[in-house]
Each structure stands twice: as C-alpha cells, then as structure tokens.
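Engineer: Here is what each chain is made of, one letter per residue.
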Amino acid sequence: MDFFRPYIDLAYWNHGYFFFAPNPGPSHLLKCRLYWDDGRQPMELWFPDRQRQWPRLFYHRHFMLAEQLHMLFVPAEMPADFPDPEGWRRQRAAYEARRAAFIEHLRHRYGAARVEMVRVEHRPLTPDERMAGMALTDPRTYRELPEEVPGPVGEELP
Amino acid sequence: MSLWQAASQWLAMWGRGWNRFWFSPRLPHTLALVRLLGGSMLFYTHLVWARDLEGFFGPHAWIPPDLSRQQAAGSWAWSHLWFVQSTAALWALHVAALLVFAALAVGFFTSFVAPLAWLLAVSYCHRLNGALFGLDQINVTIAFCLAIGRSGDAYSLDCLWRKLRAQPVPEKSVWTNLAIRLLQLHLCIIYLFGGMGKLRGETWWIGDAFWYSIASYEYQSWDITWLAPYPALMSLVSHVTVFWETYYCALVWPRLTRPIALALAVLVHGGIAVFLGMPTFGMAMLIANLAFVPEAWVSAVVACLIGPIGRLHGRACGPVVDR
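Keeping their order, the protein sequence lines are chains A and B.
Take any residue in the first sequence, count from 1 to its spot, add 1: that is its number in my numbering.
Take any residue in the second sequence, count from 1 to its spot, add 59: that is its number in my numbering.
Since the hints were derived computationally from the structure, they do not count as laboratory data.
There could be a bad hint or two in this list.
Stated by the list, open to error - Rough simulated footprint, nothing fancy, chain A against chain B, three-plus residues with beta-carbon under 8 Å:
no., segment
1, 113 to 126
2, 132 to 145
3, 188 to 194
4, 265 to 277
5, 281 to 290
What the hints assert, rightly or not - Across the chosen pairs, the derived CB separations fall in these ranges:
no., chain 1, residue 1, chain 2, residue 2, range
6, B, ALA66, A, GLN92, 48 to 54 Å
7, A, TRP55, B, ALA355, 36 to 42 Å
8, B, LEU295, A, TRP37, 51 to 57 Å
9, A, ALA136, B, LEU106, 45 to 51 Å
10, A, ARG34, B, LEU112, 22 to 28 Å
11, A, GLY134, B, SER134, 45 to 51 Å
12, A, ALA136, B, SER145, 43 to 49 Å
13, A, GLU87, B, LEU112, 51 to 57 Å
14, A, ALA136, B, LYS231, 56 to 62 Å
15, A, ALA94, B, ALA322, 46 to 52 Å
16, B, VAL360, A, GLU87, 52 to 58 Å
17, B, ARG317, A, PHE4, 33 to 39 Å
Quantities reported herein were computed from a predicted structural model and do not represent experimental measurements.
Positions of the beta carbon are idealized from the N, C-alpha and C atoms, including for glycine.
Could you build the full structure based on these sequences and the hints that come with them?
Structural biologist: Right under this line is the structure:
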C-alpha cells in the first residue's frame, strides 16, 4: 500500500465508503454560547441549524463539522485499556486543536469575548416512541456530552 | 489438444476480453452527459461555499489553513488554498474555480478544463477536510473520470464550435471508454465497501436501519416516520438496500440484471435525495450510475428531451450509430 500512498493521498482516495454504515445512529450537534464584555446578553447558537443555514448543502456542511469534531473526540484522560497510547495522544491533540479553532472562529466572527461549546447528542426515536406521539425534537432525546467521558468510536458518516 | 494449448487459448481469450473491456473505442454521449450533469454538480457544490467563503477558507475559518495543513501532515495531500491569506485573493481564486467548473459543465475547452476541474476539486477537498461527506468523494471520482475521457465530444460548446467551423466531429475514442470503465469500476468498489460496511452493523441485519435513517431529525428533509407501524416494510427496505449495495458489483454487468440494479439505484439514491436531506449526494450518485447507460439510449433520451436543440446538436455531433 505504501507504494500507492502518494497517489491515494494526492487524489483524495484516502477515505472509506460507508454511507450510513455500520449503523445509522444519533446525530451530534454543537451548542455554543457567546458572551460579550459590553453588557450584551449572551447568545446561543446551534450547529447545524436549519433556520440559519441554507441551502441544504450549506446546512449539511455545518452538520459535518459538528459530526466530525465528535468523531475526533477522545477523553482528556487516557482510558487504562486504551490500546494505542501514542494514537490517543495524537487524536486528543487533533480534537483539542479543532475544538479550539471552532471556538476561535465563533469568537472572531461575532466579536465575542468568550465562547462556550458543548457537544450534544440527539438520538432518533424508536418506532414505539413515534407511535406514542413523541416529537423527533423532544427535549428528552438531546443529551449534552461531557468532555471527560469517551464517546462512541468507529461510527462513520454517509 | 494438449494442456499447454488449452491454457494458451484460455489466456488468449482473457487477453482479448481484457483489451475489449478497456481499449474498445466508445461513443462520447454517455460520458458527455456525465460531464454536463457532474460538472453542474461540481459548480453548485463549490458555489455553496461562497455563502461563507471566509468562514470556511479564511484565516479565522472553522478549520483555519494552518490547522488544515497540519491535519494533512505526513500525507501527500496538498491544497493551494492552504496558502491564501487575503480575502481578495480567496475570492479571485474561488471565482476562477467556479468558472472552470462552469466551463466543464457546458463543455468549453473541455480537454483543458476537465483535468483542471479535477485538480481543483481535489485541492478543495484537502483544504476542507472536516466538513466533507460522500458528495465530495463522488464529485472527485466523477471529475477524475472526466479528466481522462473525451467528454467534450458531445453536448458541448466545443462540439457546436466544430460544427460552426465545419470541422470533423470526433466519434469513438478509447479514452472515453477508459473513463467510463473506470467510473463503472469505482461504483462497484464504492457499493461493495458500502455494503460490507453495513454488514458490520446489527441494525442492517435486524432491519431497523431504515427506520433509524428516516427518524434522524438532522438528516430528514421529508418526514416519513408515519411508517413506524409498518416494521415489515422497513425491514424489507433495509435488507434490499444491503443486498443491492453488496451485490451491485455482480448484478450491474449482466444485461438481464442491469436494469434491476440501476432501478434500485434510482430508488435508493432518489430516496436519499428526497427524504434524507442529501439531494446533492443522491443526484451525484445517480449521475455516476449513468456510466452503465448505453450511448444510444442517452442520445435518444437527450434528443427527445431537448427537442429542437437536440436536433441541432444531433446534426452538429452526428447521430449515434454503433459502428
């Protein structure tokens, strides 16, 4: 494979084709809270947000930013049974760098003094819940993800 | 007949088949339609970045240039957009890229803009790692094949220009066949790995996967969760999807099963486009699937669809006759 590596990397073949595999699962969003020093009220922004991001492809780009940040997540403390300590350090550094870049982007764009960012998991309803009349956006289906706890690993995106 | 003779004949037969598969000249109409639609998709995909060019490419982007470059460290990935700092330069380069994609779509200086469009699409992908998804993978695959084949030999401004200057119109080309064959094989690989990836997931075995796809609020563009009381139907859709995706690489070649494989592609990708909020991805996959549609069909359908322009173009680029 190493022989083909330059070609594969350069031509952007260095990815897998998954398309809702292995399982369609919960979505991951970013809830951001922006603060200013001049007395303005804090503002809450969600990424993705259907109301703010259009056309659909533009919305989907923001969705992918949130999903792929979540995919990078590994906890700050390496779990004792983690198989690859060096891999963990690399991935943690990548996650922290990307998260910091997202915060800096929002801080710069809105001129905010401080930005808080939380990853939020939104699970799909079961058929029974849907038949019982529960809405897809029911608040009980959202869960804020702490930075310390490992997230699911290995879920790929369509 | 000795064993040696039998083996020689068998190898010669395979050699002829190999050459016929890859190196038979092919008419341009299918690849030209892929160019027209795929080029339009590339144009639209990149046009949407203009909604927030600074936010995705500028020095304070979601993923700034230095971080994007750092993420690609150790690989051979490269993007010209890593080195752009000024807003004016960013816009100038983006408008130039849009012009290239538009030129590809309409077939203007196609043999020059097609490889350039592929290089640009790849460069954008390397810059935007972290905001990409299946659409970008398919866009690049289509652009790669267009860069190889003679996609400007039909349905193009190049073709009309030749007509105006009374120049001969190219007919069959080995390069066009190579491009179509590569696109066909890429599709088989894409579906095979997509199908095998699904086989690792228990929801696809149980039959719940379709439900959990349509019940995802973030993906959903048309709510069909009223299907909840019909678990058997949802299981059927899940299982047919996995079966079709895994065996596409076998079903799409025989003439008997090809229409079934392509009809299922229309249903699956049409469904993704309409119900799962990814019209661009769904359409890009269908554009790629055109690689399996014979040139004569494409020519007939296009002529029928565009009427008088089609007749003009037919005169310009010649009728499809499988010589």
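Engineer: The structure should be examined with respect to each hint, and the outcome stated for every one.
Structural biologist: Each hint, compared with the structure:
1. 113 to 126: With 8 residues closer than 8 Å to chain A, the segment 113 to 126 of chain B meets the three-residue bar; holds.
2. 132 to 145: holds (count 4)
3. 188 to 194: holds (count 6)
4. 265 to 277: holds (count 8)
5. 281 to 290: holds (count 5)
6. ALA66/B <-> GLN92/A: 48 to 54 Å: holds (52 Å)
7. TRP55/A <-> ALA355/B: 36 to 42 Å: The hinted range 36 to 42 Å holds for TRP55/A and ALA355/B, with Cβ atoms some 40 Å apart.
8. LEU295/B <-> TRP37/A: 51 to 57 Å: At 54 Å between Cβs, range holds.
9. ALA136/A <-> LEU106/B: 45 to 51 Å: violated (34 Å)
10. ARG34/A <-> LEU112/B: 22 to 28 Å: holds (26 Å)
11. GLY134/A <-> SER134/B: 45 to 51 Å: Holds, at about 50 Å.
12. ALA136/A <-> SER145/B: 43 to 49 Å: Roughly 47 Å apart at Cβ, these two residues keep to the hinted range, so it holds.
13. GLU87/A <-> LEU112/B: 51 to 57 Å: violated (37 Å)
14. ALA136/A <-> LYS231/B: 56 to 62 Å: holds (58 Å)
15. ALA94/A <-> ALA322/B: 46 to 52 Å: holds (48 Å)
16. VAL360/B <-> GLU87/A: 52 to 58 Å: holds (56 Å)
17. ARG317/B <-> PHE4/A: 33 to 39 Å: Since ARG317/B and PHE4/A have Cβ atoms about 35 Å apart, the given range 33 to 39 Å holds.
Hints 9 and 13, counting from the list given before, are not met by this structure.
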